[in-house]
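A.B. asks: Let the sequences and hints guide you as you build the complete structure.
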Amino acid sequence: MVYITRTEHFNAAHKLYNPKWTREKNEEVFGRCANENWHGHNFELHVTIKGDPDPDTGFVYDVKKLSVIINEYVIEKLDHKNLNLDVDFMAGKMCSIENLVIAIWNQLVPHLPEGVKLHCLKLRETPKIYTEYYGD
Amino acid sequence: MSEKVAVYRRENFNAAHRLHNPAWDEATNDRVFGKCNNPNYHGHNYELIVKLIGEPDPATGYVYDLKLLSDLVKENIIDRFDHKNLNEDTVEFKNLNPTAENIVVVIYKILRAKIDSKYDLKLRLYETERNFVEYPAN
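Top line first, the protein sequences correspond to chains F and Z. Residues in the first sequence are numbered consecutively from 1, following the working numbering. Residues in the second sequence are numbered consecutively from 1001, following the working numbering.
Calculated from the structure, these hints are not laboratory results. What you are looking at is a predicted structure, and each value in this text was computed from that prediction instead of being measured. Ideal placement from N, C-alpha and C gives every residue a C-beta, glycine not left out. Check before you lean on any hint, since a few could be wrong.
[What the hints assert, rightly or not] Which stretches of chain Z does chain F cover? Using the computed rule of at least three CB atoms under 8 Å from a CB of chain F, they are:
hint	stretch
1	1012-1021
2	1043-1052
3	1063-1076
C.D. replies: Structure representation (structure tokens):
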């Protein structure tokens, strides 16, 4: 079994804000991340799949094809967007990277060809903060 | 012989922005700025590298105390721009397109006024890992 990772990037605005709470409570919990007019990040997404290398190609799966799938179903929906306002699969959810990494997993899995097993998503928000999700 | 040494301090701020010229129609803005014109904004992790050139002080051995430089940059730049919307939340970009080029010049003017003219000041600003600007240019 081999794990192979494709890295992609997107730049987006968001805020952490729970509409059920008052502004004061949001600021207490989320601090400057609750800024009404948004802030933003350069996000980095690492998509790791697993499998045995194909005897004919030596590939677990062609990572160029994997990149095309990630770009079509994930990056194009997120890049240069407002995560709270512009992204259908984040509608109604809190825009934390924890929730975002789960949503990206759910967005990606139905579009992977049969036999391609997603192992892990790693989503980096800043040099100091990232999440990992293994689908469970 | 010159004893000048360059010292550097790196700081970060995370901000939203959009590139938009209000004097143009939407079609022109879309054509020129593409996805950067998204009306709901997008954002970046900006990285600012501040370079000071001067002679080490004989008493301290420092060109410039980097803790003091860090405090100066945080107080005047990071507190102003971090977790902000550059277009909406800052006076500097109310009427100025917040491109990396314009941002670095704005930051330079703010810092230049706070740092003794005996030091040469140069800034590098990364908007992404792959897009960055320098000011002054030489």
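A.B. asks: Does each hint fit the structure? Answer for all of them.
C.D. replies: Here's how the hints hold up against the structure:
no., hint, in the structure
1, 1012-1021, "holds (count 5)"
2, 1043-1052, "holds (count 3)"
3, 1063-1076, "violated (count 0)"
Of the numbered hints given earlier, the model fails hint 3 alone.
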